[in-house]
Every structure is written in C-alpha cells, then in structure tokens.
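S.K.: Residue numbers (this note's numbering), protein chains in the order written: chain A, 11 to 300; chain B, -9 to 459; chain C, 22 to 313.
Honestly, I wouldn't trust all of these hints.
Listed next, the in silico SDA-like pairs over lysine to any residue satisfying Cα-Cα at most 20 Å (straight line) [as the list claims (entries may be wrong)]:
id: 1; chain 1: B; residue 1: K102; chain 2: A; residue 2: K123
id: 2; chain 1: B; residue 1: K140; chain 2: C; residue 2: L65
id: 3; chain 1: C; residue 1: K165; chain 2: B; residue 2: M270
id: 4; chain 1: C; residue 1: K165; chain 2: B; residue 2: D278
id: 5; chain 1: C; residue 1: K221; chain 2: B; residue 2: K140
id: 6; chain 1: A; residue 1: K123; chain 2: C; residue 2: T31
id: 7; chain 1: A; residue 1: K123; chain 2: A; residue 2: P70
id: 8; chain 1: C; residue 1: K165; chain 2: B; residue 2: K140
Simulated from the structure, these hints should not be mistaken for lab results.
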Amino acid sequence: MRILTEQLPASRAGRPRTPWVSHLFWYALLGLASLVTVLPFLWLLMTSLKGPTDAVFSLPPQFIPRDPTLNNFVKVWQQLAIWRFFLNSLFVAALTVTLNVAVSALAAYPLAKMRFALREPIFYLLLATLIVPAELTYIPGYILAVQVFQYHDTLWALIFPNVFSAFNIFLLRQAFQSVPNDLIDAARIDGANELRIWWQVLLPTIRPAVATAAVFTAVTSWNALLWPSLMLRNRDLYTLPVGLTALRGMFTADFRLISAGAIMVIIPILVAFVFAQRYFVSGLTGAVKG
Amino acid sequence: MNTKRTFALPVLLLTALALVLSACGAAQTPAAPPEPQVVTQVVVQTEVVEVEKPVEVVVTPTPGPNPEAVISDVEEGAEITFWTFYLSPTFDEYIKSTIARFNESYPGVTVKWEDRQATLQEEFRNSLAAGNAPDVVNVPTGWVQEFAQKGQLLNMSEALPQEVQAQYFPDLFNQVNVGGASYQVPWYQAVDGYLVNTQVISAAGYTLEDLPTTFDEQKQFCLDFKERSGIPCGLRMATDNLLQTIAYEGGVEVMNEDGSAFTFDSPEAVQWLQDYVDLMNAEAIHRDIVLLNAADDRIGLERFTAGQMPFYVTGPQLIRVVRESNPGLYGYLAMVPRAVGRSGALPPVSMSIVVAQDTPYPRASAALATFFSNPQSMLEFAKIVQIFPSTPASFEDPFFTQKPVAIEDQIRPIAREIISSQKNILPEIPNQAEVNEVVRQAIEAALFGGVDPQTALTDAVTQANELIQ
Amino acid sequence: MSRSLPNRLTPYLFLLPALLFMATFTLYPLLSVAYLSFTEYDILTPPQPVGLENYRELLGDAIFWLSLRNSFTYLLVTPVIIVLAIALAIVVNRRIPGIGIFRALYYIPVITGSVAIGIAWQFLFDGSGGPVNGALLALGLIEKPIVFLTEPRFTLPIAMLMTTWMGVGYYMVVFLAGLQAIPEDLYDAARIDGCNDIQKHWYVSVPGLRPSIVFVAVISSLSALKVFDEIYVLTNGTGGILNSGSTMVFYLWKQAFRLQNVGYASAVAMVLLVITLAFSIGNVRLLERRED
C-alpha cells in the first residue's frame, strides 16, 4: 500500500482542502472508471470459478457462480506448464529490451547531436521503417530464420528481429535533443571520447526516456503472438500468448477452463506490474517533453 | 490422469480432440446410414464397463519378418520427423507406444515426433518453402488438396503397394483426388450425428421420432420449432469447404463435366441458398452459428449445452465434453443420425497422414504413415477415444460389436457401415482456398446483406471462374 | 570545422548496430516484399513475375477498397483515446490513499495482451448470454439479444472500442507523466487569475500537455492504421461478416497467410506503405515545426 501511494511526488492538481467530500467524489469517479476496465476480467474470473452446473451464457447473465470451484485451475495447471511460459516470456522480454535499448540509444545520439553528411537521409530511412507492418516481414523473416540463421525454434528467433526499433530511436533522439550542448562540449573539452560521453554523460540524463523505451519494448515483446507462434514448435519454449492460444485450442469446448487459463496468465503479470508500477510511471516522466 | 477405467477418461482428452475432429470440415450434410434409427434411448445412468479384449487383427501379408512391416526397402538409418495435429499431451502415451511398436517393425528408423497445434497449416506451408519440412504430417483431410496440387506431397497411389492400399476403405483412400491419384492415407474418422437435447425438444412437444431425416424436413422442423418454442436451430456450414456443403446438402453439381467452369449458380444451388435465407429471415437458425469457423465449433457446442438449440451436429467424442460442462444435461442427451442432404451421400469427417514429396526418406516415411493407419494402430486408438478406423480389418475386433452402454458409444455398432459409405462426391476444385472465399462472400451477402441468392451465386460463379482461368 | 577521419566516422559507428539490424530484419524483408509485389507467389512454388498485374487487380478489388476505408475510419480512435486518456490522467493525478491501485487497474488492459482480452470481449459481446446483451436488456434498450459479432455494422465499432479500451490506460500513463512535468507555479498563477478547476485544466494542463498530445497522436494513429490483433481475435480470423472488419493489415495478412497470394498481399503492403509514409512525414513535419 505504501509503495502504491508514495511513488509520486505531491500532486499539483488535488489540494487537501476539503478532503472527505472531495475524496468521496474522486473515489466515485475512479471506481466508475475502474469498473469499465476491470469488468471484463472480473467476468473472466467469475467464469473460471464456475462449477459444472453454472451456465456460462444465459439470459439474464449469471455473474456469481452458484457452485464455485477451483477445479478449473487445477485442471489447467496439470495440463500446461504456465510457469514455464512465464519464464520464457520473461527471458525474451528482458533480452529484447536490453539489446533494443542499447542499440537504439547508440543510434539516437549522433542523430540528435552530431552533424554529418547522411544525417537526414538516415533519419528519414529509420523513420520510414516505423510504418513497415511487422506482418510484412514474416515471410522473408521466416526463411531467414530457418535457412540463414537456423535459430528457429529457439527463443533467439523472437529476440533478434526485434532489436531494431525506429520508434525507440526516435524517442531517444528527442530526449538527447533536450540535453544542453554545453554539457557535451564540457565533456569534450575534458577529453572524453564520444562513447564515454554517451555512456557517462548522456545516458544518465535521459534515464527517464530510456525507461520509457524499455517499458514500450517490454510490453510489445510480452504481448507478441503471431511471430512467436510461427517460430516456436517446442512446447517448452512457448511464451505466454502462444501458450494461451494453445490452451484455447486444448480446452476447446470448456469456457471455464479457458477462463481459468487466461486468469492464470494475467495474475503473475498483474503482480509484477503492481510491484514495478513506479518504474512504469516514473519512466514516462519527462520522456515526451520537447 | 488415472485412466484405468475405460469410460473415465479425463475430459481434457476429449476437449483436445473436440477441436481436432471438428476441424476436419464437418459438413452439415447428414449421414446416410442404411438404418437411420440408431439410438433413440435416453440413458440416464451410465455404467462403467471394463473393456479388455485381446486384440485380433488381420494384417496384410508383408515382405518383412515382422507382420506389421509392410513397406520394403526402407532406407537404412533414416531419421524422420512426424507432426501430429492437436494430439499432445492427451495422447502422448498412445503416440509413443505406437512409435515404439513401429521401431520393432522397422528397426533402424528414428522417428522424431512433434505435436503441432493451431498454426500447423501455416507452419507446414512455411517449412515447405524453407526446405525443412517434416517428413510425415497428420493434417485434416480438407487440407491435403492444396499441398497435393502444388506438387508437395508424395503420390500414395504410386508409393504404396496395392495390398497396402487395400487395407483402407477404398472411398477413403481415394477421397482426395488430384489428377486421379491419392496423396494421403486416411487416418482416424469421425461420425457426426445430431446430438439432441431431449429436454428442449419435449418441452416443445416433440419426440426423437419427430427429428428430421432429410434436408427438407430439417428446414421445416426448424421453422416449426422456432414457431412453437421460440428456440432456433444451430445449423453450421463447413466453412473450410462451403462447396462441400452446397454439394451434399443441396445436391448441386458444383462444376461442369470437364472441370473447366463452376456451376454452383444452378437452380438447385439457388434453392439451397434460398432455404437458408428463409430460415434466417424467420430467425429459425442462430445467426452466429451458421458460418462459424470449424475451429470455433465449441461456441456452438456451448450454446447447445446451455439449452439454446434442440440439436447440434457433432461427433460422439464430444458428448463427454457436454457432460463435463453440464452434468445435469447428460441424462437428457441422445445421439441420432442427422438429416440426409439432397445428394443422398455424406461427406467423410476425416484425418489424413501425408508424406512430403521432398523427403530424403520416402520409404521410411511411407512406412510410418501406413503404420499409424494400420488396422492394429487404429483399433488401439479407437479404444481410447470415440474415433473410428479407416481400415475395415479393425472392425473385425469384438470391440466394435459389443453392446454399447454409454450414450457416446451408441454409434459404434453402426460405425463401420457409416464409414464405409462415406465418400467424396466433389470433383477436384482448383484454387480451393480462394474459391471458398468467393463462395463465402456470396453466402454472407445473401444471408446478412440482403442480396438475392440468384444474384449472389451468379456473381460468385463469375469470380470463381476467373480464378481458375 | 575540419575534423579527422575517425571523427567523421564516429556517427556512423554509433549507427552501425542499428543499421545492421535494420538492414537484416526490416530492409531486406521489405525489398523482398517489394519484389514479390510484381510476382505471383504462393510460398510453395517459386515466384512468377507478372509485372503490374497485382496492382491492376487491386484497383478493381472492392474488398481492398473497403479495407482501406476501414483503416481510415479506424483513425477515429485516436482523438477519443486522447480525450479519455487526458481526462483519466487528470483524475488520477492526485494524492489520495489507494490511488496507485486505481492506476494499476487502468493499466491492466495494457499488460494482459490481446489474446486474453479477445477471449474476454467475445464473452462480453456474446449473442446468447453475454453481459452486454444482459445489460442492454435490463435497461430496456433492446427487446431481444443482438448477436453483435455477426452484424456487419458492429464489427468495426466493437474492434475500435476494444482498441480504445486497451489504449486509454497506456496513454494515460504518458499524460500523467506530462502533467507531472508541468510546473506548479502555472496552476498557482491560474488560481490567482480566478480560474475554476475546469478552466485551470483547460488553460494550463492542456497546453502543458501539447508535446505529449502530439506524441500520442503520432503513435496511436500509426498503430490505428496498422490495426490487426483486435480484428483477428474478435472475428476469429475471418475479418467479420462481409469483410466488415477488414483493415489494410488484416487484408494483407489474409491474402498472404490464409489465401497464399503472397504476391498480391505484397502489393497491398506497398500501398499501405505509401499511405503511412505520407502520413508519417506529415506527422514529423508537425513535430519538427514545434521544435523550432
């Protein structure tokens, strides 16, 4: 609780003038809004707790299970190693984020702070790739993975194609641009080479933007479905979305089991998010100021 | 996961298979078993029976010392990859023990087994493109034609000796006709019927005897049923192969004699589509079930389980799913043959095993394909789940003549007759996937877009003919 | 300014890893697809050059034009997301007990992923007993359940609703960060000027959020143009009755991976590329102008 309430500096908008009345008003508003985001998941949760005699679909809809059971969770757990999917997703996300952010930050620096002949063409080239839909690259990408790199059916196949991100380069370039030139000049006069300037002077100042890029990349990697399902054959290597699709196929006629599986996939993410939330939010602070 | 009792298999086994079997392109066209009154008895109490009979299987005479080794000149030291479709983890034990038996018959061949799921079709296609395709693949029969037309599959009519081809029902072995040859061996078969909710139909004043036996009766039944009870039917077309539905249900010749042009805008076809439009306009069928993808069959089944339709066309292997999902309903279930289409025939609901054309080990691959579909392997499979062999010899086993107890097994004694009468009446459809898309557009336009059936079908025929120019 | 060769090489060295990865995983596939757009290719057999045939076919393809229109219609989610996300950010930008829990709740849709959400939404909009039908019936707004996902007119709106629903929490965080970067003096000044709470946000928060708004507008409109997941999960991969939910990327995917018309799909992709390129250049211009 303390973590959740203390992560942000004092708000500018709400002043503790008439706390109870205004609190009540805000809680009502917040509660209403959260109902909208949470209701679908609550419905999923309720379905996952339904016993055999509870109807999944009926009119009027039955929300609360009359015959609640945890059996659905037990069955899913016995059939699918969800913890393993979780670890796979974690591994892929962690490596993708690290490599992606490093490569993006390296590329963003000269684009923001150096003058060179091909700066504009390279920038626009990078930017143009932002609009290339990933689905477009799947066919050639598949043949690359199989014939050239031969890393299909490994987790690396999910990592390397996602190391380059024009979006992150663009984001970090914006951040680098906001760093005063004096800071760089001072370091140059001190005799630091460009790599050291990048690492010791610039990166620490744009840490919030780096965190933003990391969060965006992690979320994308975490939720990717189509490409991983083309690459992964070994069930032990499944990531969460692929595993969830497999589950949807396995428990094809039982919505209670599908719901239970979906809930089991959501809960660890939720727990992780509650603990890492301050990084999500603080990571975005200042990331987009011009 | 203790499966000691034959009738106490876990639901997961069946739910997994539900998709497998429903994904085979189950058409709405009813079965035409010689005796249409199979099951009319409602079993309220299920008895658990132990079925442990010695396996007696007639096996084709073979060149090798092992009676099950029917393919000669298998490559020494062959290493082959075998993909199955949605069978793991439920059937791991069966697959592994069958591979072990295969290794006794064909020592020196290494089999690497992988189970593929929702993406099998795309993965197989991509792996063929990339040159690393698996050697032996289990696919729903409806997918075979595409790969065969592109020359990616081994010609089984040439590769297999006559006596091995003869181990299958001929109409199943030849059900995919590409240039007059077969490019698959038939694996396990499903038999679809009406799964009936007797509670729903008796509340509307009907009995099992009143259920329709023909496509025309089915239309009238659904209209009347809606009128009396307010509950619509849950009819579903074979969305993977709509021409199949048109041909079997409507008795339509979908192509001309020499296969050069489509003809599914004939008066019969228009009548067929008009029948559905009538049902739709009367709200006598569920809008969201009629064009449901085969892979999403469960939505229809769940709806049936919730008591929102009188019957649903499905296989007996799914009854336990219903039972698990709604045990109170189980006592009110019955399984009866479904209505016969105007063609009078019924489409196979079938799984195939195919061999990649470019495999370095064609003999070993053919050996594996025929081994998994040989009478003994098929019989053992049929004993653990309600699927049926493509091999007549399997049916000699007393297992198939025992008096069934559970509702889900009641189709078993007549399964052989049904399976042996299933055949493909469709000609070879070039460019099938795209033609199917065009047909789907026409049906959607008529059912949901208010387009006149004649116009919709005539447009579709024009477009489809352009596709095969 | 005269510089040594190593100095002149420095920027390129920094760019090298990114350029290598870009060349391998984006440019090569892109060029390959550009080439394929002039061929007939089904993945299984080698590509056959057909010249401009694919593009000619596109012109007369009604489903292509429908997909194009749907993609542009989809851009409507951007302003809606921006307004809702700003409102939500203003609401959660206060220090009251438990606010962190609420922020987390709004972020749930972002982190759960489209597969789980697609399952939940299919339940919600189920035509036989989904909560949405239940609620509408209870409120007396409809007389009998609507089978939402089979009604062509509902496919796209429901997908857009899902995108909005998934996106608001995501962009709320961006705006929250933006709000916290606004100096408090500005609010104090506004208060002294006699602004009420709403005016305060209109005159201070909204202008202060301009960089964030531009940022969100660019990102969310690009992803709206490329929408795929929502359509895929909601329509079970069919694109909806009568292609009512088909978008550019969906049509591209369907042609390439469902119908094996890789050449034709590549032509769709090239059109998409041109449209989004024009769109992005416009956006960048907007951004660059602001920086001046």
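S.K.: If any of the earlier hints don't hold here, list their numbers in rising order.
M.R.: Hint check: 1, 5, 7, 8 fail, others pass.
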